[in-house]
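A.B. asks: These are the residues of each chain, in order.
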Amino acid sequence: CRGAATGSTRTTAGPAWPSPARTTAWSPPTPASPSDTTSSRASTPRSASCKADKCVIASSGFQGDIKALQKNLAARELLYQHQHNKRMSCPAMAQLLSNTLYYKRFFPYYAFNVLGGLDSEGKGCVYSYDAVGSYERTGYSAQGSGSTLIMPVLDNQLKSPSPLLVPARDAVTPLSESEAVDLVKDVFASATERDIYTGDKVEIVVINKAGTRREYIELRKD
Amino acid sequence: FFSKIPSVPRLSSNVQLQLLSWNPYVTGNSVIAMKYKDGVIMACDTGASYGSTLRYKSVERIKEVGKHSLIGGSGEFSDFQEILRYLDELTLNDHMWDDGNSLGPKEIHAYLTRVMYNRRNKFDPLWNSLVLGGVKKGPKGDEKYLGMVNMIGTHFEENHIATGFGNHMAIPILRGEWREDMTFEEAVKLIEKCLLVLLYRDRSSINKFQIAKITTEGSTIYPPYALKTNWGFAAFENPSKGAVGTW
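First to last, the protein sequences are chains A and B. With the UniProt record's numbering, letter number 222 in the first sequence gets 222, and the count goes up by one each step, no holes. With the UniProt record's numbering, letter number 156 in the second sequence gets 156, and the count goes up by one each step, no holes.
Pulled out of the complex, with its shape left as it was, chain A reads as follows (with noise of 0.2 Å):
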């Protein structure tokens, strides 16, 4: 059956590894250091949860198969600590994510994943899939119906160099966690102007050594 509560749209925006990276906290950051290592997410409230304390899974698609999906890592991240006495590292759960989609390849959860949060270098780390399970590290990413409006302003915006490059460069610039929240704002505003789906409201959560926040932004309701 095809998805009919697809949700909107998702972005990641932060630095990539292996970016030397500062960690600070998210009150004000001191002149001398201009760059923070933080993971910011946007989506909708209803499909942003948190997996760990550094780790959380932003998802679009088919409502049901999302919450399907996320109630399945979420059993599987209580076993893994039952386990091990730990939380998952991020690193691991974007593993077992792409394991539980791959898993259904021949009848997939119809949902387009973000995970963002810390590795285990406390470094922001981003990862984006498909709905079958394919997926990189990478430093920013959007997903969802508003994608394609906003990934090209992220290229923009982040300055991604060409994939040609040899040496491979980083990513992304380094951005402080206000700028990082501004332009998950404005890509969430300009997005909204001109997909019927993404609109209402915007959840964005922020992830860096301090802890996790969460915000909530009004969206033009058209």
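Hints listed in this document are in silico derivations from the structure and should not be mistaken for laboratory results. Treat the numbers as computed from the prediction; the structure is a model and nothing was measured. Hints should not be assumed to be uniformly reliable.
[Claimed, not checked] To give an idea of the interface, some chain A residues facing chain B are shown, with a C-beta separation under 8 Å as derived from the structure:
#: 1; residue: Gln63
#: 2; residue: Gly64
#: 3; residue: Ala68
[Claimed, not checked] Straight line, CA to CA, 27 Å or less: simulated DSS-like cross-link-like pairs of lysine-lysine:
#: 4; chain 1: B; residue 1: Lys189; chain 2: B; residue 2: Lys208
#: 5; chain 1: B; residue 1: Lys57; chain 2: B; residue 2: Lys189
#: 6; chain 1: B; residue 1: Lys193; chain 2: B; residue 2: Lys140
#: 7; chain 1: A; residue 1: Lys71; chain 2: A; residue 2: Lys104
#: 8; chain 1: B; residue 1: Lys140; chain 2: A; residue 2: Lys71
#: 9; chain 1: B; residue 1: Lys193; chain 2: A; residue 2: Lys221
#: 10; chain 1: A; residue 1: Lys71; chain 2: B; residue 2: Lys144
#: 11; chain 1: B; residue 1: Lys106; chain 2: A; residue 2: Lys71
#: 12; chain 1: B; residue 1: Lys136; chain 2: B; residue 2: Lys63
#: 13; chain 1: B; residue 1: Lys106; chain 2: A; residue 2: Lys201
#: 14; chain 1: B; residue 1: Lys37; chain 2: B; residue 2: Lys122
#: 15; chain 1: B; residue 1: Lys122; chain 2: A; residue 2: Lys104
#: 16; chain 1: B; residue 1: Lys37; chain 2: B; residue 2: Lys57
#: 17; chain 1: B; residue 1: Lys144; chain 2: A; residue 2: Lys201
#: 18; chain 1: B; residue 1: Lys122; chain 2: A; residue 2: Lys71
#: 19; chain 1: B; residue 1: Lys136; chain 2: A; residue 2: Lys71
#: 20; chain 1: B; residue 1: Lys63; chain 2: B; residue 2: Lys193
#: 21; chain 1: B; residue 1: Lys137; chain 2: B; residue 2: Lys67
#: 22; chain 1: B; residue 1: Lys63; chain 2: B; residue 2: Lys144
#: 23; chain 1: B; residue 1: Lys137; chain 2: A; residue 2: Lys71
No residue lacks a Cβ here, since even glycine has one placed at the ideal position from N, Cα and C.
Given chain A, put chain B in place with the hints provided.
C.D. replies: Using the frame of chain A, we list chain B on its own:
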């Protein structure tokens, strides 16, 4: 033929897949529900249609589930009856544990969501939109709950719910006029406003409604009644008045 639907669809046969997701026959109309001060109120009409024929006029589409919940069903009525049988089994088994615990509306909603989603995954859906409302004592006192789940497994919790045509006609009214802590009388007035709009504009609705409420004291399903409608518009008085000639 339909009784032998296999539980695992053979993906090589597209024809078989199509047959497995069929058409509904006897369908119920919209269900509207909302939270109010003392609990949850739910309403629907008592009609069930067979395509474009109004086949059954005294059908109860809101039922009690356990001690704490009400379920309202729209869509294929036979599937609704089967769901009531599943819920009977569920509540009976829960009661037989005899441990003083009873299933609350949140649990019933979660159960129904799994049932609907799993049937959808087998290409054999229960062709319904279900509304689940109730009140149960929780850690923070009496917690009101209202949610819905539909035939493909989409589910959510809200302060007000409407299925079918109610989505288009009742929800805008509810979004504008619903408030926290309405009294029962205010809630009934608001629900009647929605039911009236549906009566005028949904061709399959009938002027015979049932309202049900559920509070910590228990549930009440009121006997059916009719709403006052107004058809006294000048244009309806003599419809062919402006017609030029008659054939």
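A.B. asks: Determine for every hint whether it applies to the structure shown.
C.D. replies: We went through each hint and held it up to the structure:
The closest approach between the C-beta of A/Gln63 and any C-beta of chain B is roughly 5 Å, which is under the 8 Å cut-off, so the hint is satisfied. Restraint check, A/Gly64 versus chain B: the minimum CB separation of about 3 Å is within 8 Å; hint holds. Checking A/Ala68 against chain B by beta carbon gives a least distance of about 6 Å; that is within 8 Å, so the hint holds. A hinted pair counts as satisfied when its Cα atoms are at most 27 Å apart, and B/Lys189 with B/Lys208 qualifies at roughly 16 Å.
Note on B/Lys57 and B/Lys189: the hinted pairing holds, with a Cα-Cα distance of about 23 Å set against a maximum of 27 Å. Restraint check: the Cα-Cα separation between B/Lys193 and B/Lys140 comes to about 33 Å, which exceeds 27 Å; the hinted pair is violated. Our distance criterion of 27 Å between C-alpha atoms is met by A/Lys71 and A/Lys104, whose separation comes to about 15 Å. Note on B/Lys140 and A/Lys71: the hinted pairing holds, with a Cα-Cα distance of about 25 Å set against a maximum of 27 Å.
For the suggested pair B/Lys193 and A/Lys221, the alpha carbons sit about 25 Å apart, so the restraint of at most 27 Å is met. With a C-alpha separation of about 23 Å, the suggested pair A/Lys71 and B/Lys144 falls inside the 27 Å cut-off, and the hint holds. Using a Cα cut-off of 27 Å, the hinted pair B/Lys106 and A/Lys71 holds, with the two alpha carbons roughly 16 Å apart. A C-alpha spacing of about 17 Å is found between B/Lys136 and B/Lys63, which places the hinted pair at or below 27 Å, so the restraint holds.
Note on B/Lys106 and A/Lys201: the hinted pairing holds, with a Cα-Cα distance of about 26 Å set against a maximum of 27 Å. Among the hinted pairs, B/Lys37 with B/Lys122 is inconsistent with the structure: their alpha-carbon atoms are about 40 Å apart, more than 27 Å. Distance check on the hinted pair: B/Lys122 and A/Lys104 sit about 14 Å apart at the alpha-carbon level, within 27 Å; holds. For the given pair, B/Lys37 sits about 32 Å from B/Lys57 by alpha-carbon distance, which is inconsistent with the 27 Å threshold.
For the hint linking B/Lys144 to A/Lys201, the alpha-carbon distance of about 25 Å falls within 27 Å, and the restraint holds. The suggested pairing of B/Lys122 with A/Lys71 holds, with an alpha-carbon distance near 19 Å, which does not exceed 27 Å. Only pairs whose Cα atoms come within 27 Å are accepted, and B/Lys136 paired with A/Lys71 is accepted, the gap being roughly 24 Å. Note on B/Lys63 and B/Lys193: the hinted pairing holds, with a Cα-Cα distance of about 22 Å set against a maximum of 27 Å.
For the proposed pair B/Lys137 and B/Lys67, the alpha carbon gap of about 12 Å is at most 27 Å, so the pair holds. Straight-line distance between C-alpha atoms of B/Lys63 and B/Lys144 comes to about 17 Å, which keeps the hinted pair within the 27 Å bound. A C-alpha spacing of about 25 Å is found between B/Lys137 and A/Lys71, which places the hinted pair at or below 27 Å, so the restraint holds.
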